[in-house]
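Novice: Spelled out from the first residue to the last, the chains are:
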Amino acid sequence: MSEDQERKILHSDFFTEDPEPRLIAGRCKVSGNWTFPPYLADPVSFQDEIEHVPLPKVGKLHSYTIVRRSLPDFPVPFGLGLIDFPEQKVRVMAQIEADDLENDLTLDMDVETIVGIVRKAKDGTDIYSYKFKAIKK
Amino acid sequence: MSNLRDVYIIGVGQTPCGKYPTKAAHVLGREASWAAIKDSGIYARDIEIGFCGHVYQGMGVGQRTLKDIGLVGQPVINVEGACGSGTLSFWEAWRTIAFGQHDVALAWGVENLSKIMSGGPLPLEEDDIEVALGMSMPGLYAMRAKRYMDEYGVSKETLAKVVVKSRLHASKNPIAQFRKETTVDAVLGDPVICDPLTRSMCCPVGDASAAAVLVSGEMLNKIKRDESRLPIKVLGCVAQSGGYASATGLTCDPSENVARTSQMAYEQAGLGPEDMDAVEIHDAFAIAELIVAEALGFAKKGEGSKLIEEGTSNFDGNIAINPSGGLLSRGHPVGATGLLQTVEIVNQLRGEATGCQVPDANIGLIETMGGAQPAMDGITCVVSILGK
Chain A
30 MSEDQERKIL
40 HSDFFTEDPE
50 PRLIAGRCKV
60 SGNWTFPPYL
70 ADPVSFQDEI
80 EHVPLPKVGK
90 LHSYTIVRRS
100 LPDFPVPFGL
110 GLIDFPEQKV
120 RVMAQIEADD
130 LENDLTLDMD
140 VETIVGIVRK
150 AKDGTDIYSY
160 KFKAIKK
Chain B
157 MSNLRDVYII
167 GVGQTPCGKY
177 PTKAAHVLGR
187 EASWAAIKDS
197 GIYARDIEIG
207 FCGHVYQGMG
217 VGQRTLKDIG
227 LVGQPVINVE
237 GACGSGTLSF
247 WEAWRTIAFG
257 QHDVALAWGV
267 ENLSKIMSGG
277 PLPLEEDDIE
287 VALGMSMPGL
297 YAMRAKRYMD
307 EYGVSKETLA
317 KVVVKSRLHA
327 SKNPIAQFRK
337 ETTVDAVLGD
347 PVICDPLTRS
357 MCCPVGDASA
367 AAVLVSGEML
377 NKIKRDESRL
387 PIKVLGCVAQ
397 SGGYASATGL
407 TCDPSENVAR
417 TSQMAYEQAG
427 LGPEDMDAVE
437 IHDAFAIAEL
447 IVAEALGFAK
457 KGEGSKLIEE
467 GTSNFDGNIA
477 INPSGGLLSR
487 GHPVGATGLL
497 QTVEIVNQLR
507 GEATGCQVPD
517 ANIGLIETMG
527 GAQPAMDGIT
537 CVVSILGK
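Protein chains in written order, with this note's numbering: chain A, 30 to 166; chain B, 157 to 544.
Bear in mind the hints are in silico, worked out from the structure with no lab data behind them.
Watch out, some of these pointers could steer you wrong.
Capping the alpha-carbon separation at 27 Å, the derived lysine-lysine pairs in DSSO-like fashion look like this [stated by the list, open to error]:
| no. | chain 1 | residue 1 | chain 2 | residue 2 |
| --- | --- | --- | --- | --- |
| 1 | B | Lys-457 | A | Lys-118 |
| 2 | B | Lys-336 | B | Lys-312 |
| 3 | A | Lys-89 | B | Lys-271 |
Keep in mind it's a predicted model, so treat the numbers as computed, not measured.
Given only the sequences and the hints, what does the whole structure look like? Please build it.
Specialist: Put into structure tokens, the structure is as follows:
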């Protein structure tokens with residue numbers, strides 16, 4: 030876990046906010062295979078020539094749930110989803126935001142990368158990281 | 157692999173599943189281990205090596221367990237493979253005998269969860285990036301359930317029927333944690349943990365231990381033991397860690413690991429899913445029974461619900477699934493689970509089930525699936541096939 034001066038940030042190496050929120054994946058220069066997060070060596074070529082490349086901002090919601098019981102650091106309810114980036118063959122698990130969690134989420138809908146509060150620290154302060162938000166049609 | 161030696165289970169033992177917050181793990185472990193040794197009819201001193209599966213029980217629990225039954229000096233290996241820890245310890249015991257290093261081994265699994273938690277999702281590894289973002293096992297299985305139900309037109313009622321069948325089996329099993337039958341309405345009326353999973357569609361927090369004594373075929377004929385106890389042969393035993401999902405496409409689905417591992421176990425045994433009479437599978441959540449039954453070849457993809465709807469997976473159906481009550485109702489004391497499953501199948505094959513006896517059970521299968529990892533199809537999967 031790393032921190033910047035304004036916010037406590039989790040997994041800061043795995044996303045960028047400049048110029049917009051995107052996840053940072055690994056792409057093997059030999060096989061072209063993508064992974065999220067970047068691995069030390071590529072599971073297809075077993076080479077370590079990995080470049081760090083942003084994923085598209087928008088992914089597809091493969092599945093989701095509304096979590097109503099969780100560990101104490103995670104105020105409930107919150108959305109949890111599997112987000113696909115089909116072109117890169119990458120699936121990411123992350124929290125999902127929606128204006129109306131009960132009614133706005135549907136399978137295969139577009140969701141966009143954002144940065145927001147994902148949990149509480151032991152001292153009660155908010156912790157930020159990447160998450161996704163439902164894009165209303 | 158053709159040079160593998162024959163391996164037999166000659167004794168099994170288990171404790172009841174429940175909440176025993178004042179009972180230390182090694183106390184549970186020694187009860188099950190001693191019961192297995194007594195059941196085998198061998199002298200405890202004949203045990204050459206021990207493998208103890210657990211997840212949360214701390215340093216040296218295996219050694220602490222065997223010390224209390226007079227067994228010291230021999231190697232004891234503590235084995236961790238998430239929810240597959242118990243069967244991973246069984247696999248270790250099987251392979252050390254199959255590959256000729258030892259002749260008599262004890263495998264046991266133990267967990268006392270109620271010492272560390274009263275309820276809610278299992279505490280997972282904070283260094284896992286998804287866990288740090290709120291992933292829990294109920295959440296993961298809930299997402300699998302939602303997608304599966306949408307793709308194959310499966311209703312919440314069918315998921316509830318998995319629990320109804322599980323409770324029915326467990327109601328006859330004196331070691332089960334939940335022994336009261338339930339109804340579809342009651343299951344659906346339970347609080348939602350992670351949509352669509354209600355509380356009774358999730359396995360409970362509980363404690364137990366289970367154990368098995370394994371011997372080589374040569375030792376079976378040499379060792380002084382109770383000849384009235386039927387030895388059960390290990391026909392296949394395979395352990396696999398999760399595979400990279402992103403290397404094979406968009407799959408993070410443990411059923412792929414189950415399919416891969418079980419195919420290897422079937423090949424080792426020279427058998428197929430159609431040969432199985434009784435199986436204990438990893439139904440940590442109601443959806444898992446459907447998905448895993450398909451992965452094991454008991455139903456076509458998307459048709460696992462037929463086993464429930466048609467009663468085929470009842471203890472007296474064509475393929476008896478979880479006659480013990482499974483993880484949902486017998487219980488899921490994490491590290492003990494794989495051995496509890498193994499003990500159940502041994503008892504079934506001996507015709508000595510503590511609960512629902514599967515008629516004419518000759519061959520049985522145990523499947524355990526442990527944990528989750530980002531972009532991987534699970535942490536550990538173990539599949540064993542046992543026969544008379």
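Novice: Work down the list of hints and note, for each, if the structure agrees.
Specialist: Now for the hints, and whether the structure bears them out:
1. Note on Lys-457(B) and Lys-118(A): the hinted pairing holds, with a Cα-Cα distance of about 22 Å set against a maximum of 27 Å.
2. At most 27 Å may separate the alpha-carbon atoms for a hinted pair to count; Lys-336(B) and Lys-312(B) meet this at roughly 21 Å.
3. Taking the CA atoms of Lys-89(A) and Lys-271(B), the gap is about 41 Å. The hint is violated against a cut of 27 Å.
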